[in-house]
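Chemist: Those protein sequences? They're chains G and H, same order as listed.
Yeah, the first sequence ends on 143 if you go by our numbering, and it's all consecutive.
Yeah, the second sequence ends on 568 if you go by our numbering, and it's all consecutive.
Heads up, some of the hints might be wrong.
What the hints assert, rightly or not - Think about it this way: if two alpha-carbon atoms lie no more than 20 Å apart in a straight line, the pair counts; the simulated DMTMM-like pairs of lysine to aspartate or glutamate are:
hint	chain 1	residue 1	chain 2	residue 2
1	H	Lys437	H	Glu269
2	H	Lys496	H	Glu533
3	H	Lys437	H	Glu449
4	G	Lys105	G	Asp120
5	H	Lys234	H	Asp288
6	H	Lys496	H	Asp463
7	H	Lys165	G	Asp143
8	H	Lys523	G	Asp120
9	G	Lys102	H	Glu455
10	G	Lys102	H	Asp463
11	H	Lys554	H	Asp287
12	H	Lys554	H	Asp288
Claimed, not checked - Listed next, the stretches of chain G that the computed footprint assigns to chain H, with coverage defined by at least 3 CB atoms under 8 Å from CB atoms of chain H:
hint	segment
13	91 to 101
14	119 to 133
Derived from the structure by calculation, the hints contain no laboratory data.
Quick reminder that beta carbons are idealized off the backbone N, C-alpha and C, glycines included.
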Amino acid sequence: MKHIVLSLFALCCLLNFGGCYNSGMKTLVAPPVARTLASNDGQYTFYWVPRPDPIPLNRFFAIDVQVMDIAGNLITPEQAKLTVDAGMPQHGHGMNHVPRVKTSKDGWTAEGLLMHMPGDWQIYFDLEIDGVSYRGQTPMNID
Amino acid sequence: MPVTVVILSCLLAASPLTDTQKRRIAGLSGAMQGTPDPTNEAWNDPTAALLGQRLFFDTGFSLNNQVSCATCHDPAMGFADGKPLPTGLAKGSRHTPSLLNVAEHRWFFWDGRADTLWSQALHPFERAEEFGSNRMAVLNRVHDDPILRTEYETVFGPLPPLDDHSRFPENAGPHAPSGSREHDAWQMMTPADQQACDRAFSNLGKAIAAYEHRLVPPPSSFDLFVTAMLADDHKAMAAYPDDARRGLLMFIDEAGCRQCHYGQLLSDLEFHNTGVPPSHGGLPRDAGRWEGIKLLQANPFRASGEFSDDPESIRALSTDSLARNSELWGAFRTPSLRNLNQTAPYMHQGQFKSIREVLDFYNTLDTMVVLDHHQETVLKPLGLTETQLEDLESFLMTLSSPKLPAELGRKPGSSPGIDQIETVD
Numbered sequence: 001m002k003h004i005v006l007s008l009f010a011l012c013c014l015l016n017f018g019g020c021y022n023s024g025m026k027t028l029v030a031p032p033v034a035r036t037l038a039s040n041d042g043q044y045t046f047y048w049v050p051r052p053d054p055i056p057l058n059r060f061f062a063i064d065v066q067v068m069d070i071a072g073n074l075i076t077p078e079q080a081k082l083t084v085d086a087g088m089p090q091h092g093h094g095m096n097h098v099p100r101v102k103t104s105k106d107g108w109t110a111e112g113l114l115m116h117m118p119g120d121w122q123i124y125f126d127l128e129i130d131g132v133s134y135r136g137q138t139p140m141n142i143d
Numbered sequence: 144m145p146v147t148v149v150i151l152s153c154l155l156a157a158s159p160l161t162d163t164q165k166r167r168i169a170g171l172s173g174a175m176q177g178t179p180d181p182t183n184e185a186w187n188d189p190t191a192a193l194l195g196q197r198l199f200f201d202t203g204f205s206l207n208n209q210v211s212c213a214t215c216h217d218p219a220m221g222f223a224d225g226k227p228l229p230t231g232l233a234k235g236s237r238h239t240p241s242l243l244n245v246a247e248h249r250w251f252f253w254d255g256r257a258d259t260l261w262s263q264a265l266h267p268f269e270r271a272e273e274f275g276s277n278r279m280a281v282l283n284r285v286h287d288d289p290i291l292r293t294e295y296e297t298v299f300g301p302l303p304p305l306d307d308h309s310r311f312p313e314n315a316g317p318h319a320p321s322g323s324r325e326h327d328a329w330q331m332m333t334p335a336d337q338q339a340c341d342r343a344f345s346n347l348g349k350a351i352a353a354y355e356h357r358l359v360p361p362p363s364s365f366d367l368f369v370t371a372m373l374a375d376d377h378k379a380m381a382a383y384p385d386d387a388r389r390g391l392l393m394f395i396d397e398a399g400c401r402q403c404h405y406g407q408l409l410s411d412l413e414f415h416n417t418g419v420p421p422s423h424g425g426l427p428r429d430a431g432r433w434e435g436i437k438l439l440q441a442n443p444f445r446a447s448g449e450f451s452d453d454p455e456s457i458r459a460l461s462t463d464s465l466a467r468n469s470e471l472w473g474a475f476r477t478p479s480l481r482n483l484n485q486t487a488p489y490m491h492q493g494q495f496k497s498i499r500e501v502l503d504f505y506n507t508l509d510t511m512v513v514l515d516h517h518q519e520t521v522l523k524p525l526g527l528t529e530t531q532l533e534d535l536e537s538f539l540m541t542l543s544s545p546k547l548p549a550e551l552g553r554k555p556g557s558s559p560g561i562d563q564i565e566t567v568d
């Protein structure tokens, strides 16, 4: 029991007090809860958490996203536009739904994603700043 | 077939299941009780189900008084019709899908142009090749029949004052041919009266859905195997045939069937173009899901429409967020693999007479028709041996369930037909 309480306390600290990767970053999306992913040019890092986690087969899920630049500054929805998508390159198709991206002060939430087949997917994060697009993509096996 | 392959196959069938195999197998089974539809408040209303069952078997809604839902969804044939293409008032262009377990689907029709069971049930009334009727004629029949009207008003409240023919014509409908008397009559109605009739019309679909979602057969022998597997009951598991077990293991692994056929219905509930050659020969002309999305999103009876009982439901959001991708041209809904013993022929035009023909197609893809490079590329020839194909077929046959209760397969109040009872299994 003591062990469980200590673990919960540590988790709360991590999520609410000590989980920020940077002093400017809020607590929702941060390691180790979040997965991290660099943009293709290495300039930006995407912190993302799927809900639910792990991603279910053929059921809707959401992804919370926050982004930092290489200097550790939080990129906000006021500064950039984010889109999230996914596809199965081996099969030559994407998802059957267009995700909706909602913004908050510090990040984005993509809702309405659905991976309808088991197998190897890619998740795409496209960040647009001043007319330039930066992509981060990561493999995701669904079984 | 080499002896070594036979021996390996036998060993495979007898060996303990891995955790991954168990998880995948368990994912193909589970209780099917007609997943509730929040857009239909009459879903679980027994009076609505009774009304829906009456409507389902009533030929009086068709132009020639000879066609009902049961004409193509015959209880004696697994709620399908056994033909490649159906015949109502005229010949249809797509094969009749079975209604067994129908409520578990996400989309309805081969192209998914309906997103709820109640919305699907409305289409045949007004389609020229099915019932050939019109919206006001349908409502007037309910209005003028004491039993139908009483049951309707018990569930949904009063019908519009249809006996006021100055406002409500006897024959009128939005889908009547342009320039026809019925079409013009509908256009002459006030928007409020049209809406009241649309509402009443949608309620008929909701009643039919309240009946149809009960068409859930008992568990199949495969389901019993899964129950035994989850209970670690090896004695009960041993009752499952060895060839079916080998076929099952191929299904969830090397044959790749599970890519599209998984879940309780053994369908991903979505749409794929598998290159099945059209029955008319040549290249496909049916746009399938590509057109289905367009029709669905324009349909006032969709889940997010004004006649839905929950336009904010997940079904509604799902429809409104659909992506109309190019690979969906010529794609059709992944069919359920349950009760295949009752639902031949197969595919969207009934192109294949037997399961073996279906398996042979996927095994070689020799007759596959591919339009161009904008298509899905998931399929590769399976290259299975004769014995492996037989094992797969044996597995698929264990997905067939015992018969439904006979009272679900006939018009309420009618005496049971002997043929019907004996063949609804």
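Chemist: Does each hint fit the structure? Answer for all of them.
Modeler: A quick look at each hint next to the structure:
Distance restraint check for Lys437/H and Glu269/H: the Cα-Cα separation of roughly 19 Å lies within the 20 Å cut-off, and the hinted pair is therefore satisfied. Restraint check for Lys496/H and Glu533/H: the C-alpha separation of about 16 Å stays at or below 20 Å, so the hint holds. Restraint check for Lys437/H and Glu449/H: the C-alpha separation of about 18 Å stays at or below 20 Å, so the hint holds. As the CA atoms of Lys105/G and Asp120/G are separated by approximately 33 Å, the hinted pair breaks the 20 Å bound.
This hinted pair does not check out: Lys234/H and Asp288/H have alpha carbons roughly 30 Å apart, beyond 20 Å. For the proposed pair Lys496/H and Asp463/H, the alpha carbon gap of about 37 Å is over 20 Å, so the pair is violated. The hinted pair formed by Lys165/H and Asp143/G meets the criterion: a straight-line CA distance of about 13 Å does not exceed 20 Å. Our distance criterion of 20 Å between C-alpha atoms is met by Lys523/H and Asp120/G, whose separation comes to about 16 Å.
In summary, the hint linking Lys102/G to Glu455/H is supported, as the alpha carbons are separated by about 17 Å, within the 20 Å threshold. For the hint linking Lys102/G to Asp463/H, the alpha-carbon distance of about 16 Å falls within 20 Å, and the restraint holds. A C-alpha spacing of about 19 Å is found between Lys554/H and Asp287/H, which places the hinted pair at or below 20 Å, so the restraint holds. Simply put, Lys554/H and Asp288/H have alpha-carbon atoms about 15 Å apart, close enough for the 20 Å limit, and the pair holds.
Restraint check on the segment 91 to 101 of chain G versus chain H: 10 residues with Cβ-Cβ distances below 8 Å, three needed, restraint holds. Taking a C-beta to C-beta cut-off of 8 Å, the segment 119 to 133 of chain G contributes 1 residues in contact with chain H, too few for the three needed, and the coverage statement is violated.
Of the numbered hints given earlier, the model fails hints 4, 5, 6 and 14; all others are met.
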